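**Q** Each chain is listed here by its residues.
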Amino acid sequence: MSDKVETIRLQAPFTEGEARALKSGQRILLSGEIYSLRDAGHKRLVELIKHGEEPPITLENNVLYYVGPSPAKAGRALGSAGPTTSSRMDPYTPFLIKNGLRGMIGKGYRSDEVVAAMKEHGAVYFAAIGGAGALISRAIKEAEVIAWEDLGTEALRRLKVENMPVTVVIDTGGNNLYEVGPHIWLTRHHD
Amino acid sequence: MSVREFDVAILRDTVEELCGKLACVLPDDVHDAIEQALEHEDSTVARHVLEDLLLNCEIAAEESVPMCQDTGMVVVFLDVGFDVRFSGNPYEAINEGVRRGYKKHVLRMSVVSDPLRRVNTGDNTPAMVTTRLVPGDHVTITMLCKGFGSENMSRLTMLLPADGEEGVRKFVIDTVAKAGPNACPPFVIGVGIGGTFDQVALAAKRALARPLTESNVDPFYAAMEQSLLAEINALGIGPQGFGGRATALGVAIEVLPTHIAGLPVAVNINCHAARHIQEVL
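Residue numbers (this note's numbering), protein chains in the order written: chain F, 178 to 368; chain L, 4 to 284.
Straight-line distance between alpha carbons at most 35 Å, and here's what the computed DSBU-like set of lysine-lysine pairs gives:
{"hint": "1", "chain 1": "L", "residue 1": "K107", "chain 2": "F", "residue 2": "K337"}
{"hint": "2", "chain 1": "L", "residue 1": "K107", "chain 2": "F", "residue 2": "K318"}
{"hint": "3", "chain 1": "F", "residue 1": "K220", "chain 2": "L", "residue 2": "K107"}
{"hint": "4", "chain 1": "F", "residue 1": "K227", "chain 2": "F", "residue 2": "K337"}
{"hint": "5", "chain 1": "L", "residue 1": "K24", "chain 2": "F", "residue 2": "K250"}
Take a look, some chain F residues computed to stay more than 12 Å from chain L by CB distance:
{"hint": "6", "residue": "I226"}
{"hint": "7", "residue": "H228"}
{"hint": "8", "residue": "E231"}
{"hint": "9", "residue": "V322"}
{"hint": "10", "residue": "E339"}
Everything labelled a hint here was simulated from the structure, so no lab data went into it. Please read these numbers as outputs of a predicted model, since none were measured by experiment. Every residue gets a Cβ at the ideal spot worked out from N, C-alpha and C, and that includes glycine.
With the hints as extra help, turn the sequences into a complete structure.
**A** Here is the structure:
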């Protein structure tokens, strides 16, 4: 096997400089504080900022994880907690990136508008393994609802993570593992 | 023929138990297929993903945590013998089983009561139930907990008879290629061909309930399943779309008689957490 996969440790939140050093295809062990937010929460966050109100979190250099966890059993921070499909957040994401958002964790394709904002402002898109919710849950050490408890699984949560396994899919140069990965495999098999 | 009195509490309790089992324990046929995919995978990044999926299954089963946070919408195919008489309402029994199962096993409630007004029902009901009457005095329950990452990438089309097998193949391949990383590969692909607009979708869903160890009983369609699988696994999408061989674990085709003027095709995609089970009661 000729293709090497590089593993890097990264602490969240992180700066634009750190974001611009990350490259598509790198395997990351992410530690620190990130926030969980998905469909309904995105709508609320964007509306608050647009109306000039104080959002419950600052976006500057922070990472959002698109997840709607299953409930926690006794003694655990969260239940199963794998990523949901990112494209549903695409309409909101360029605005959030312009307001300082540094990273997103999800799964699946992003729109051209999202990628353009990532390149311009220095943000990174990671994928966590879709359907590996039990494995990912082990890396989540603490979870606290920060706002919008009424949204249930979709509430805004602060997550403390340790060595959460994610992969850089789209880097700040716009390089995309979803295009490059299959292309490399096909090239190798059709020579 | 004597009538069998069937206590619907059996149905309720079975559904309750199966909800927890399906959420936390990947069926053997799917687990074995992922192991086989790992054996044949030649991309390092893809191997990492497949190894993590197997590790995820271990953790889920050991700790009774759902393998995926999307514990799905419950899909039930209920085959009821002509000679069965239920003691009560079997649909209510199934929903009560879902209600109890999702609460007891601490699963995610993912169902809204109305598609546009979107209020969560809070107990993951109702299940989507399809009933069929069959000879005998048994009740066979086939159940899937269907995640929507993959459901959202499924498609249905009404081809023309002239499109033939080539048209069907093209639609299947296009659907899988478009689904890509969104639907959590490696997939299980259920294909319905024939019938009517409504029945073809059910045929595709039924195909997803078939164990991966089984092929279509008709050698013609069994061969088509194999060749479609090979074609899908030459797309290069790979596990999670990172590039690799294992884009799908299996293809299952179910066919129905159809009209002289039509060729309906439905492709229902399941993710690698292909949670399906069947019990005869």
